[in-house]
Structure formats: C-alpha cells, structure tokens
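Asks: Order-wise, the sequence lines are chains Y, B, F and L.
Letter by letter, the first sequence follows residues 1 to 228 in our numbering.
Letter by letter, the second sequence follows residues 1 to 228 in our numbering.
Letter by letter, the third sequence follows residues 1 to 228 in our numbering.
Letter by letter, the fourth sequence follows residues 1 to 228 in our numbering.
Please keep in mind that the hints were generated in silico from the structure rather than gathered at the bench.
Do not take every clue at face value.
Chain Y side only, calculated, beta carbon under 10 Å to chain F, not exhaustive [unchecked claim]: (1) Arg-60; (2) Glu-112; (3) Gly-220.
With a Cα cut of at most 30 Å, we get these calculated DSSO-like pairs of lysine-lysine [stated by the list, open to error]: (4) Lys-159(F) / Lys-76(B); (5) Lys-9(F) / Lys-76(F); (6) Lys-9(Y) / Lys-76(Y); (7) Lys-76(L) / Lys-76(Y).
Have a look at the derived ranges for each label pair, beta carbon to beta carbon [claimed, not checked]: (8) Arg-41(B) / Ser-205(L): 29 to 37 Å; (9) Lys-9(B) / Thr-6(Y): 39 to 47 Å; (10) Asp-168(F) / Asn-227(B): 54 to 62 Å.
Glycine included, every Cβ here is placed at the ideal spot set by N, Cα and C.
Protein chains: 4
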Amino acid sequence: MSEPQTYGKTFNAWRKGAGRVWTDYTAHPFVEGLRTGELPRASFIHYLIQDYVFLVHFSRAWSLAVVKAETLNEMKVCAGTVDALVNHEMALHVRTCAEQGISEDTLFNAAEADANLAYTRFVMDAGLQGDFLDMMAALAPCVMGYGEIGHRLGQAGAKDNPYQDWIDTYAGADYQGLCGVVGGMIDTAVALRLGDQPSSLPRWSHLQARFTKATALEVGFWTMGLNP
Amino acid sequence: MSEPQTYGKTFNAWRKGAGRVWTDYTAHPFVEGLRTGELPRASFIHYLIQDYVFLVHFSRAWSLAVVKAETLNEMKVCAGTVDALVNHEMALHVRTCAEQGISEDTLFNAAEADANLAYTRFVMDAGLQGDFLDMMAALAPCVMGYGEIGHRLGQAGAKDNPYQDWIDTYAGADYQGLCGVVGGMIDTAVALRLGDQPSSLPRWSHLQARFTKATALEVGFWTMGLNP
Amino acid sequence: MSEPQTYGKTFNAWRKGAGRVWTDYTAHPFVEGLRTGELPRASFIHYLIQDYVFLVHFSRAWSLAVVKAETLNEMKVCAGTVDALVNHEMALHVRTCAEQGISEDTLFNAAEADANLAYTRFVMDAGLQGDFLDMMAALAPCVMGYGEIGHRLGQAGAKDNPYQDWIDTYAGADYQGLCGVVGGMIDTAVALRLGDQPSSLPRWSHLQARFTKATALEVGFWTMGLNP
Amino acid sequence: MSEPQTYGKTFNAWRKGAGRVWTDYTAHPFVEGLRTGELPRASFIHYLIQDYVFLVHFSRAWSLAVVKAETLNEMKVCAGTVDALVNHEMALHVRTCAEQGISEDTLFNAAEADANLAYTRFVMDAGLQGDFLDMMAALAPCVMGYGEIGHRLGQAGAKDNPYQDWIDTYAGADYQGLCGVVGGMIDTAVALRLGDQPSSLPRWSHLQARFTKATALEVGFWTMGLNP
Numbered sequence: 001m002s003e004p005q006t007y008g009k010t011f012n013a014w015r016k017g018a019g020r021v022w023t024d025y026t027a028h029p030f031v032e033g034l035r036t037g038e039l040p041r042a043s044f045i046h047y048l049i050q051d052y053v054f055l056v057h058f059s060r061a062w063s064l065a066v067v068k069a070e071t072l073n074e075m076k077v078c079a080g081t082v083d084a085l086v087n088h089e090m091a092l093h094v095r096t097c098a099e100q101g102i103s104e105d106t107l108f109n110a111a112e113a114d115a116n117l118a119y120t121r122f123v124m125d126a127g128l129q130g131d132f133l134d135m136m137a138a139l140a141p142c143v144m145g146y147g148e149i150g151h152r153l154g155q156a157g158a159k160d161n162p163y164q165d166w167i168d169t170y171a172g173a174d175y176q177g178l179c180g181v182v183g184g185m186i187d188t189a190v191a192l193r194l195g196d197q198p199s200s201l202p203r204w205s206h207l208q209a210r211f212t213k214a215t216a217l218e219v220g221f222w223t224m225g226l227n228p
Numbered sequence: 001m002s003e004p005q006t007y008g009k010t011f012n013a014w015r016k017g018a019g020r021v022w023t024d025y026t027a028h029p030f031v032e033g034l035r036t037g038e039l040p041r042a043s044f045i046h047y048l049i050q051d052y053v054f055l056v057h058f059s060r061a062w063s064l065a066v067v068k069a070e071t072l073n074e075m076k077v078c079a080g081t082v083d084a085l086v087n088h089e090m091a092l093h094v095r096t097c098a099e100q101g102i103s104e105d106t107l108f109n110a111a112e113a114d115a116n117l118a119y120t121r122f123v124m125d126a127g128l129q130g131d132f133l134d135m136m137a138a139l140a141p142c143v144m145g146y147g148e149i150g151h152r153l154g155q156a157g158a159k160d161n162p163y164q165d166w167i168d169t170y171a172g173a174d175y176q177g178l179c180g181v182v183g184g185m186i187d188t189a190v191a192l193r194l195g196d197q198p199s200s201l202p203r204w205s206h207l208q209a210r211f212t213k214a215t216a217l218e219v220g221f222w223t224m225g226l227n228p
Numbered sequence: 001m002s003e004p005q006t007y008g009k010t011f012n013a014w015r016k017g018a019g020r021v022w023t024d025y026t027a028h029p030f031v032e033g034l035r036t037g038e039l040p041r042a043s044f045i046h047y048l049i050q051d052y053v054f055l056v057h058f059s060r061a062w063s064l065a066v067v068k069a070e071t072l073n074e075m076k077v078c079a080g081t082v083d084a085l086v087n088h089e090m091a092l093h094v095r096t097c098a099e100q101g102i103s104e105d106t107l108f109n110a111a112e113a114d115a116n117l118a119y120t121r122f123v124m125d126a127g128l129q130g131d132f133l134d135m136m137a138a139l140a141p142c143v144m145g146y147g148e149i150g151h152r153l154g155q156a157g158a159k160d161n162p163y164q165d166w167i168d169t170y171a172g173a174d175y176q177g178l179c180g181v182v183g184g185m186i187d188t189a190v191a192l193r194l195g196d197q198p199s200s201l202p203r204w205s206h207l208q209a210r211f212t213k214a215t216a217l218e219v220g221f222w223t224m225g226l227n228p
Numbered sequence: 001m002s003e004p005q006t007y008g009k010t011f012n013a014w015r016k017g018a019g020r021v022w023t024d025y026t027a028h029p030f031v032e033g034l035r036t037g038e039l040p041r042a043s044f045i046h047y048l049i050q051d052y053v054f055l056v057h058f059s060r061a062w063s064l065a066v067v068k069a070e071t072l073n074e075m076k077v078c079a080g081t082v083d084a085l086v087n088h089e090m091a092l093h094v095r096t097c098a099e100q101g102i103s104e105d106t107l108f109n110a111a112e113a114d115a116n117l118a119y120t121r122f123v124m125d126a127g128l129q130g131d132f133l134d135m136m137a138a139l140a141p142c143v144m145g146y147g148e149i150g151h152r153l154g155q156a157g158a159k160d161n162p163y164q165d166w167i168d169t170y171a172g173a174d175y176q177g178l179c180g181v182v183g184g185m186i187d188t189a190v191a192l193r194l195g196d197q198p199s200s201l202p203r204w205s206h207l208q209a210r211f212t213k214a215t216a217l218e219v220g221f222w223t224m225g226l227n228p
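Okay, chain Y solo, but in the shape it has when bound (with noise of 0.2 Å):
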C-alpha cells in the first residue's frame, strides 16, 4: 500500500483546518459509489454533464489567477493548468458524454444546477476581491481534492468497477503530477508573499476561511450529483 500523498505543507496546513469538512468532501457517498461501482449510472452522467460546465468556469478561474500571478512561474503553471482543463480535462467529459450520445455543444449549453453555480463564480469572486493567494486557497480543494480521491481509489479498486476511466484520470501520475507541481508553486506562492511563518498572521485565517468554504462547495457539488 503506498504512502498518503503530499502536495505541499500549504495544501496540507489548509486541509486538516478544514476539518471534517474534508471529510465530508473526499469520502462523499457520492466518492463512495465511484469506489464500489454502485453509483447509479444517471447520477454519473448528471454528474459529468454539470462537471463539464463546472470546468469551463474552473478554467476561467484558473485564466484568472494567471491575470493575478505575479511570478513567471505563477503563470506558467497557472497557464498550464488552463490548458490541461480546456484540452486534456474536458475532453475526457466530452469522449464519455459522446458514447452516451450527448454532444460538447449540448454540454457547453447545459443548465447549469445553483450548487455548481454557487461554486464557481465563488471562485471568480475570491479572485476579483482578493488577491493570488485568495485565488489558490478557493481553487486548491477541487485540484487537490480529486487527486486525493484518484489516490485512494486507485489503490484498491473494485473489480470491473465501470468507473475505472474516472479513477484512471485522477490517480493517474499526469494528474497527480498536477497536483504536485501546484502544491509546490502554492507553497513558493506563500513564502514570497508571507514569508516563513504565514499561519501566525491574521491573513490565515482569512485563507483558511477561503479553502474550508470552497470544500463545502464541494460537499454540495456531490451531493447534487447524487441527486439527477
């Protein structure tokens, strides 16, 4: 059984502050049902429909933070990232909507569920009211989240689980890889701003609040996928 994964002291501060809101967002029944294979196929694709369009505003944000970087590395892996979800992510929704016989256009088009909404111009806000920073701590739980879900899933999975494409992605080491290199440019994001001892400021917990809302957005975000 392989080690828990790490993606930066940043990430790791910020998740045990959420607490069980973590929790609640990374062992999700909805998590659960990817994990056992149970989860009803509607609910699947109600969820990749909405995921879908969740990407294309999660894209905006990720374009965004490259608009708020403020280091050439900032925005090459923040350019980076826009990239691998316009062009690698979506496509993945695309490919399994399309052998379901939805179009990309029906799904740029899709009414978008006010849990899905909710989250992703909570997104945008972080970034037009704060600054690189506010931008990372509401992005990170979703980019790292699933790599934390991809991990677990991918270590021991259910035999012939038809959700093995979805586990494949995220505990594949492309995206996993992802994770690692934002969670070391949001830890090199900090420092340069924050120095050596960023959580004794009061700016903490303004971050924190940032990350444990946007893992809450998460928790509903499932749960409406639960619910087609």
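Chain Y is already provided as a structure; the job is to place chains B, F and L on it using the hints.
Replies: Positioned in the frame of chain Y, the structure of chains B, F and L alone reads:
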C-alpha cells in the same frame, strides 16, 4: 506654523520608502507654480481638464476598492470617497472650467493624455491583480500627496494667488479630514491582514513598489500639466 | 387603485421575457406571507440576516457597475445606488435586527446561505465577464422586483401587519423613485450601445438569459428565507 | 509579390477606421529600421526587453479574455494564444536576449517604460470595463499589426539583415496562421453578439475608439523603442 500632517503610520512608512520620488512629486515645479501663483493659466486649465478625466477613472478605482473591501468600515470609507469624488471634487473642476467656457461634457470626453492614462490604468490593474492593500498602496499617493501639498501651500500663500481656490480645497478641513480617515482605515486594513509587523514580510516590498510607482506616475502627471 | 408601476421599456421587455419565473419571484409564498402578515417571525429574521449579507455583496456589485460605467450619468446613478444601499437600505436591516438583539457585526459575519452566495456571485461574475449592460440585466430583477412587490403590497395591506415597515420601505416614494431612475438609466444605456432596435440583436437573448437567471436566483432566495 | 494579408472583415473595418494612426504604427521609423536593418542594436535590445515585459502583461490580458469568453471556441482560441505567448513568443525574446547576456529574470523584472505600462494597462482595463468585444478591439492592433508588418517585411528584405530572425517570426506561417484564427474568431464573436450589421450600432464607434487608441499606444511603444 502648524505641525506637519500625518495620515497614519502605514502612509508614513510608504512615503519614507518612496524616497526622493516623493519629493519629486510634492515639490514638483507645477506645485511651486501653484504656490507662487506664477503657473501659466494655460497649464492650469490643461491640468484641470486632464485631472477631471483622471477623477473619472479615480472614481472607478475607488469603486473597485469597494468591490475588494473585506470589512464594513473599508466599504463605507471607500464608498464615501467615491461619493466625495463624483459629487464634490469633480464639481470643483466643473465650476472652474465652466468659468472658462468649458462644459462638463467636454471634460468627460476630453482626449486623455498618455501620462494620465498610464497612471489610472496602473491603479485599476493593481486592483485586478492584487488585493485591497495593493489598491490602497496605489491609491494613497494621490489622496495623501494632495493633502500634504494642500496643507503646505495653505500655510503661507502668496497674496492674491489665482490658485487660492485650488489650495483651499486641499488645505481645507474636509479634505484633510478625508486624508485622516483614509489613512486610519489603511492602518487598520494592514493590521487586520498582516498583523503588527507588516514591514517584516516579503509582501511589504511589493506594496512599497506599488506606492512608489504610483508616486512616479504622479510626477509624470504634473510634468504633463506643465506642457499643454 | 393606482396604475401598475413601470420602470422603463427595457425592464418591461426583460420582465415579460422572463415569463413565469417573474411571477414565481414576485408572488412567491414568502411575499404572500409578508402581504398577509402571516410570515413566521423566524423566517423574516432569517431572511433579514441573509438579506444584510446579500446587500453587502449587492453594494460590491453596484460598485463594480461604477467601474464598468461609460457615461457620467451611469457613474452617478450607480454611485448613488451604492450610497443608498450602504447608508440607507442596510441601515433599515440594522435597526430591525437591533430590535431583536442582533448587532451589525453579527450581521456582517453571518454564515452565508448557499442560495444567497449563488445569487450575488452570479451578479459579480456577470460584471467580470460582460459589460455594463450584462451587469444591469443581472442587477435589475432585485431592484425593480422589490419595487414592484413593494408597490403591490403597499396598495391594500392587512391591518396591523407586522411587516408594514418593510412594505413601506419598498412602496415609498424614495425607493420607487430609485427604480424609476435606474430604469431610465438602463433605457439610455441600451440605446447608447445597441441603438433603437436592441431586441433584434443576438446579444439581446444573452441579456435576457442573465435577467431570467437572476430572477430564478431571487426565487431561490425567498425559498431559502422560508426555511430558517 | 503576394497579396496583402487579410485577417477578417472586422479587423479590416477597424484598421480602415483607425485611418492615419494605423500607418503611423505599421510604417513607424522603428519598423523601417527593422526593414532596412539599420535600426541601432541598442534600440532593438531596449525594445526587446520592454517587449518581454509587454508580453507578460499581454499574456495576462489574453487570460482575461478567457475569463470573458462566452463560447467554447472563444475560450480555446484565447487559451491557445496565452500558451503561444508564454511558451513560444516570450521564448524568442529570452533566446535573443540570452545571446546578449540578459537573463530571463532580468527581463521579468526590468523597469517598465511608461509607454509600455500605459498600453498594457489600457488593454486590461478595456477588459475590466467592457465585454469580450471590447477586449478584442484593444488586443487586435498588436496581434494583427505585427502580422501585417511581418508579412510586408518578409516580402523583400535587405540582405544579411540582422533583424531577419525577428522578421521571420512574424512573417512565418505559424504567426500568420494565428492572426487568421484570431481574426476569424473575432468575426464570429461580433456576429454572435451584434448580428450582421454591427457597424450600424452606436456600440461600433466605442469599439473603433478602443482599437484606434490601442493603435496609438503601439505608436508610442515604437517611439519608446527608438529612445533607449
């Protein structure tokens, strides 16, 4: 002779950190022309027209500060400043220009000098890229610099100075009070985010750089004013 | 019996275009509870606390509209609305809540319901993504909807209605006047950008979609209010 | 001799609408110096350093365009342009400057000339104030202007021109292809929002004004380049 004005400890630190650029701004030949009354009228009118356009965008910038505020007091001070700008300071320009036969529509649509555009868009982008403190660092040189200039010129002016109205506006209790309120709000905003040793953080040098750049852009604005 | 209120031809077109969603909003069971006075007090207080948080972000949104304004009148109307929200409408909530022993700090820091967050961040993002008209389409349902509801409930209220203060606020000349000013400004803003046949443009359906979505989010807000 | 390049009907209309300013930009003495190869090396290096800083902010601007995009194709083209800028065009500058002993860190932290700052922040603010089309109008002069210049200079260059690499970059199929893709995307974006008679709308003159102003700021950029 009155004591030098102080508008809070953050402003004092930033002012000191800007070094010679601060003096280039507050003791610019344009300012000396206002003090002695010998500034050519054409320069003053040129300045006033550009400053009206400046205030349009400066009002937009303070409105963006409301978007970025994170406490009720920050919102109130910034919204109050927008109101002061749109409904009072701009009105002074309108009145003075009307005496010269220049209408408010003409002012609003005046061709914007590059030095003007560079300054205001720099401030807007500080808000888009950074957080509330980044905006404050970019906004402070104008607000407090005019306060400092007004206070100094109000001490012992030339007799029958044709620019006495301008001097009185910025030397007056209303404007000086605004500077004090803004300066106090900035001190609180810094403490709420960065604690009581903000200048020890790497972040501080970024804020100083924004303040110093905005001050340099003020120098460019006065120089533009001298060249109608 | 007075004539139905009109707040400009653009609003009327958007209102009509929203179809049944508009009635779901303006004749929501929550509104009927206000009209008959039978709304449970706990629902009203829950609503009032959330509406305070809403107004914080709504003030931010109107401030973003100042950033996006392109004429002096647009700036003035939007800046005036920010002032009305921050210094007047929010004060009503503060007074009413103070009578219940709820302080303004408690209001400002109240946990934000998801239906609340979804709505305000949708409006903010409309501003970040689109232009001034996109913001107006997202802001209009709240401003004018409350005007329409206030006007209707002000016509023939229940005796000793415990919600008479609320009704009077929105039925009153000040608020009705604000709706008229905003509606007129929107008509001018549309004409200045899209000419005299705006509804023939593809753009129009995007604006209608923003208006209708914001209206649907108002429905969600009332429903949230009913469930404290 | 090849036909003049066209990058779409919207660009052609805006280019024509800019009048003499367009020629001031594309036939600027700096450009003539590149064509004849007689541009002083110091001017070219000064330009290249400033252009690197320009591209940093231009990448931020194209990222903001992703935030503002409303169709999948708009997102893909803009995200692709960010990638081309960050990972290819900036790399050309890095290589050329490395030959002069100037590191990428030096480039990233170079003091920004005012003419540079004015231009990029004007583009960013066009995005903050307006919608996707406002951004396109502000972004088009740089993208397509360089395409037009590159195409012309690539036709019949001086022998042993020391600036042949620069010319080849913009005359080459990759860059010309990018201009074609961006121009086509803008045509579609205009049609999707403003229909098939966009130039009949009041909005059109605002877009033209943004395009013309951005073109004028390009003129200022070349002039700055001539004066190291």
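Asks: Failing hints, ascending?
Replies: Hint 4 is the one this structure does not satisfy, whereas the remaining hints hold.
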